[in-house]
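> If you're matching them up, the sequences are chains L and R in order. Counting along the first sequence from 1, when you hit position 190 you're at 190 in the numbering used here, and nothing is skipped either side. Counting along the second sequence from 1, when you hit position 210 you're at 752 in the numbering used here, and nothing is skipped either side.
Certain hints may be false.
From chain L, some residues computed to sit far from chain R (all C-beta separations above 12 Å) [claimed, not checked]:
1) Arg91
2) Leu172
3) Asp274
4) Asp280
27 Å max Cα-Cα, derived BS3-like pairs, lysine-lysine [claimed, not checked]:
5) Lys101/L - Lys491/L
6) Lys106/L - Lys132/L
7) Lys106/L - Lys491/L
8) Lys905/R - Lys649/R
9) Lys593/R - Lys649/R
10) Lys905/R - Lys491/L
11) Lys649/R - Lys491/L
12) Lys132/L - Lys101/L
13) Lys593/R - Lys491/L
14) Lys902/R - Lys491/L
15) Lys491/L - Lys132/L
Hints were generated in silico from the structure; no laboratory data involved. Each residue gets a CB set at the ideal place from its N, CA and C atoms; glycine is no exception.
This is what each chain is made of:
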Amino acid sequence: MGWRWLVRMRTALMLLGVLALMTAVATVVPQEPNVPTTVRSWRLGEEGPGATVSAVLDWVGAFDVYGSPAFLALLLALFLSLTACLIPRIRAWIRLVRRSKPPVVKTVGGSDITASFQTDAAPADVHAAAAKLLGGRVWRIRRHDPEAEGGPLDASSGARSAPSQVAAEKGLWSREGGSLLFHLSFYVLLAAIVFGQLLTFEGQRGVVERDRGFTDTAISYWNYQPGRWFSEADHAGWRLELDEFEIDWIRDPLAPGAGQPTTFRSTVTITPADGEPFQDVVEGNQPLTVDGFKIHQLDWGYAPRVEVEVDGQMVYDDLLTAVAADGGGFRSAVKAPAADPDVGLEVFFYPFAPDGDGGPSLTGAPWDEAPLLVVRQWRGDLQLGATQQTVNELDTSGLESEGGAFLRPGDEVVVEGVTIRFPELRRWVGFQVSSRPQIPWLLVGSALLVAGLIPALYAYRRRVWVMAVRPPGQQRTLVTVFGRAFQRPEKFEEEHGDLVTELIRMVGVPPDDTTDPDDRAPRSGADPAAAARDSATEVMPR
Amino acid sequence: MTPTELADLSRVLYSPVTLSLYLAAAFVYLYALTTTVGRREERERGMRARKVGLVLAVAGIGTHIAHEIVRGLAQERLPLGNMFEVTSLMALVGVLTGFIYMQVIRKRPELNGFVLLGGALVLASALLMYSEPGPLMPILDTWWRTFHVSLLVAAMGIFAAGFVFNSLYLLRDTGELAVARERERQLEGSTVGAASAGDLDVADETSGIGGRTIDRLDATVDDGRDHDAEYRAALRAGVSVPRLVIGTFLGTSLVSWVFVYSAATLAEGLTRFLTINLVMVAAALIARWFVPLLPPTATLDGIAHRTIAFAFVMWTVGTIAGAMWAEQSWGRFWGWDPKETGAFLTWVAYAGYLHARATKGVKGRGAAWIGVWSFVVLMGTYLIANYVIVGLHSYAGL
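Please build the complete structure, drawing on both the sequences and the hints.
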């Protein structure tokens, strides 16, 4: 254990494995932040493996894996291990970038790919051509000339006795550098996520068509989830009104994709805090941005207007925001504490319920071709403020049922002395408003990640040497091009062959070189050992 | 043509036409692979078979692409909107990439048989999720989706090819290890083993223990001397049939149980489950038979690594694009929705593979196993997030 343990790749692999395992748990077990209702029914034993297993899952934090202390600890361990790995690697890499020169060698190495040819050009010219060729292809080059270099012996790169040559290297910085960039991008992403959590804001609010809208202030949201560092003063104070919400479906039951929505568009009027109102559109993939706040459509429903009159006195007149319920209906509630005793209505709205034999038939289709309001009346104590209840739910514990009724738009019914009217039908849209200052940083992190990943996988490290020698008393220069690949050797063979061909083109090969024209072509090492042996005996200066 | 006729045509193009072309090409290529150790006239017949396989494979890819186009015309949108279409495209990308990689880049056409066999299996599995052409929900009808989904689907196809080669690597390596162990045992036991030890040096050169980066020798292609045939038989025998069958069955079950879960009736579900499992077992047994004819482990390992690395980049970019689209469409870039969790899990698994391959003591068999498990994770999360758990992405499914 300890530092050495943290630095090991095996540890990182193990931690990655644990991360995968925890993620797998989160895939199989419903997560509370995502599907709280499913988790509730798991806990109650109505769904899933039963209440006992759920209790165990709860105990280990499996219902909120990403918020559990174990996950945080794992994340910490992963980043510690990453840091422990990266610090020495970064230092080594910087040293490499600052100091390293392609090494100079004396002879062809045992596993090098090699080829040689003869030319009339002087060795110095061949070296110049090779440097130009390799430099043009973004190799790092080093020209070594023992006669010109009069300085002290360079211990790191071999002796001055090494023959005159051009040494070149590539992929050394970029491969490792890419890998480092890839891993460093996780710090950017982590910082963006952590600070984002603190600075973010998210709120939801439903707005009925052609009704009063809402203003961006802390109190006007139905759900309000600010980050710890998001203060109420950060709200921009613009105003949103919904002019029209268009939604349509494939209504033909026999058409392919029947029932799928085809349109989902809100036309809104925005009034910025200090500006003129303007109209704009929010669509599925096209949110609206106002003063840095993004506005999305999240939800929608029907908004029937309901009036309730008791003893000739209007006790309720409002637009309900009915939410989709099972069976294609929309559910809501009317709460009228102004009446005495209180009036409560349980409201079910069915958009397409045409008249059939013996009453309306509920089709479950979502389009409002035959809207029907089903109400059930309750009287007694609504217990507003006394118990927890949502806008669309009635707490019937203090109420008594007084019967129910069906209403079509424009209808009026009287149930036990209470007059209920359904004068008009509109729609409402649930908007999500969010402010996420971390997004640009997340984009930067992602860009760094991809920018690092590609060289980390696709920059291949190679070394190449070009040695041109004219043995004393001879007219021809012998040129040997050899090198080695640290990755993808089979691809290097092609690259090497290409370099040799190009070099030959640059320096030229005498036409009367050999009797057999095939010999002029570079001998690319399919059998490196044999090639090395050949070149060692033929080419290498003693 | 009317959309209905186009839909019918696209269906016929898919199955039986493309499916049978892939299968035929796969078997012709596999036959060609069996001739590489035979006599000269046999090898010539194999070369001719390879040409037939090439024609069949290109024809199959052609009809597959035609199917995608016709289906796209029938529904007037890109065929990337449901499980069937996604799986079909996964097969197409897998076959196309694998085929081009083997034929053009690696120049190992003899391995096309495995690519096509894997493609045919994915293609056939898509039929279990068949749905008629239809329009797309408006929220899915965006450039973002095209980019995000096609990248991920293409990555899935290439990961599938990587899985095939990781599996082949493991089979070959198991065979070679068994031969090496046998040799050691004989060396300890008697002097008779000394003779065969020399014969088996070739195997040692290419076995998983030594350096894996360079294909030094091609151990399989040699003229038909007796000890070569013996060596081949020993390689094949090194892979235990019961273990392979049980392992494949259990491993496939980790994914295929989803079909039992999601089917309308238990009988139907069990039929699908058993069909998938037995087909996979059959494929594993076919692969086992070909173990002696496979290229050296280093080559298989290298191919698997290259394909997976390529797909990993695509998966990374595709997932980032998905997060960007989610921010645009849902107002949050990441919400640990089942599909997002699945994508992340797959990414972590393959990241584990790439790291393992760079780790001493884990690379080789250990890394290949992680690669195989990663594919199980990929297919498992793909099916689970669509069939079992309902999330925001679920409308993209059935």
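> What are the numbers of the hints the structure violates, in ascending order?
Nothing - there is no hint that the structure violates, so all of them hold.
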